[in-house]
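Protein sequences, first through last, are from chains A and B.
Heads up, the first sequence is in my numbering, so the first residue is 147 and it goes up one at a time.
Heads up, the second sequence is in my numbering, so the first residue is 1486 and it goes up one at a time.
If you're looking for bench data, these hints aren't it; they were derived computationally from the structure.
Hints may contain errors.
Claimed, not checked - Straight-line C-alpha distance at most 20 angstroms; calculated SDA-like pairs for lysine to any residue:
| hint | chain 1 | residue 1 | chain 2 | residue 2 |
| --- | --- | --- | --- | --- |
| 1 | B | Lys1620 | A | Pro153 |
| 2 | A | Lys152 | B | Ala1623 |
| 3 | A | Lys163 | B | Pro1636 |
| 4 | A | Lys182 | A | Ser157 |
| 5 | B | Lys1502 | A | Ala178 |
| 6 | B | Lys1493 | A | Glu166 |
| 7 | A | Lys182 | B | Pro1636 |
| 8 | B | Lys1614 | A | Pro153 |
| 9 | A | Lys152 | B | Pro1636 |
| 10 | A | Lys152 | B | Met1513 |
| 11 | B | Lys1493 | A | Val176 |
| 12 | A | Lys152 | B | Leu1496 |
| 13 | A | Lys152 | B | Arg1624 |
| 14 | B | Lys1620 | A | Val176 |
| 15 | A | Lys182 | B | Pro1634 |
| 16 | A | Lys182 | B | Lys1620 |
| 17 | A | Lys152 | B | Leu1613 |
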Amino acid sequence: MERAEKPLIISCGILRKEIEHLQEKGDIDVEAYFLKEQFA
Amino acid sequence: MIEKMEEKNPLIRLMQKFQKGARPVTHMGPFLPLLRIKERGLPFNDIMRNSKAMTEAALMSFEFDFESTVLPFDLNVEAEMLGARVLYHEGFDGNPVYPTIADKPFTTGDDIEIPDALAEKGRMPVILKTIASLKERARDKGAVGVYIPGPFTLAGQVLDIDRSLHCCRC
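When you get a sec, could you build the whole thing from the sequences and use the hints?
If you want it as structure tokens, here you go:
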């Protein structure tokens, strides 16, 4: 049986703290992938 | 070692899930093939605000062998949910023109209020319906995504640009 997949957020890393805060609060139930802020 | 890294990276996992050839073929932003849209008789402004037309346009990504699609709406959806009025245009010189913000609803950052029941505001019901429809119709074809503007873009859409720059303190 296939497991239920969470939505994936692909975001600029500059929003990492804000998105992780929403995850910790339980406001959003997602996986997150952060791009590097300076694309380095 | 590389396989373990890829297992942990949710973006690579998602691309590999739908990968058909030697490399993933995906796009992260909205993709609108204008000639194909004209051939199908889909009015551009309907694609921005009608679930059926938006779904049909989004499915075209798979006709071009992409392994993902992104809902092809404009960047004004969030601003509209906060109270900005969106203006739809008839096009120019035979080419479509994306909708623009007609009125900015707030004067200062302190005026901004996030309304309750966001899922019922503006075009969000249309977008949620389109996501559900695409996830069903594209089940085996590829990933379904949406593009969300960042907070600075959104501030510029709902506030006077000079005032929104004043909100930024270095």
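Evaluation of the provided hints:
{"no.": "1", "hint": "Lys1620(B) / Pro153(A)", "verdict": "12 angstroms, holds"}
{"no.": "2", "hint": "Lys152(A) / Ala1623(B)", "verdict": "17 angstroms, holds"}
{"no.": "3", "hint": "Lys163(A) / Pro1636(B)", "verdict": "14 angstroms, holds"}
{"no.": "4", "hint": "Lys182(A) / Ser157(A)", "verdict": "9 angstroms, holds"}
{"no.": "5", "hint": "Lys1502(B) / Ala178(A)", "verdict": "17 angstroms, holds"}
{"no.": "6", "hint": "Lys1493(B) / Glu166(A)", "verdict": "17 angstroms, holds"}
{"no.": "7", "hint": "Lys182(A) / Pro1636(B)", "verdict": "17 angstroms, holds"}
{"no.": "8", "hint": "Lys1614(B) / Pro153(A)", "verdict": "16 angstroms, holds"}
{"no.": "9", "hint": "Lys152(A) / Pro1636(B)", "verdict": "23 angstroms, violated"}
{"no.": "10", "hint": "Lys152(A) / Met1513(B)", "verdict": "18 angstroms, holds"}
{"no.": "11", "hint": "Lys1493(B) / Val176(A)", "verdict": "15 angstroms, holds"}
{"no.": "12", "hint": "Lys152(A) / Leu1496(B)", "verdict": "12 angstroms, holds"}
{"no.": "13", "hint": "Lys152(A) / Arg1624(B)", "verdict": "15 angstroms, holds"}
{"no.": "14", "hint": "Lys1620(B) / Val176(A)", "verdict": "17 angstroms, holds"}
{"no.": "15", "hint": "Lys182(A) / Pro1634(B)", "verdict": "17 angstroms, holds"}
{"no.": "16", "hint": "Lys182(A) / Lys1620(B)", "verdict": "29 angstroms, violated"}
{"no.": "17", "hint": "Lys152(A) / Leu1613(B)", "verdict": "16 angstroms, holds"}
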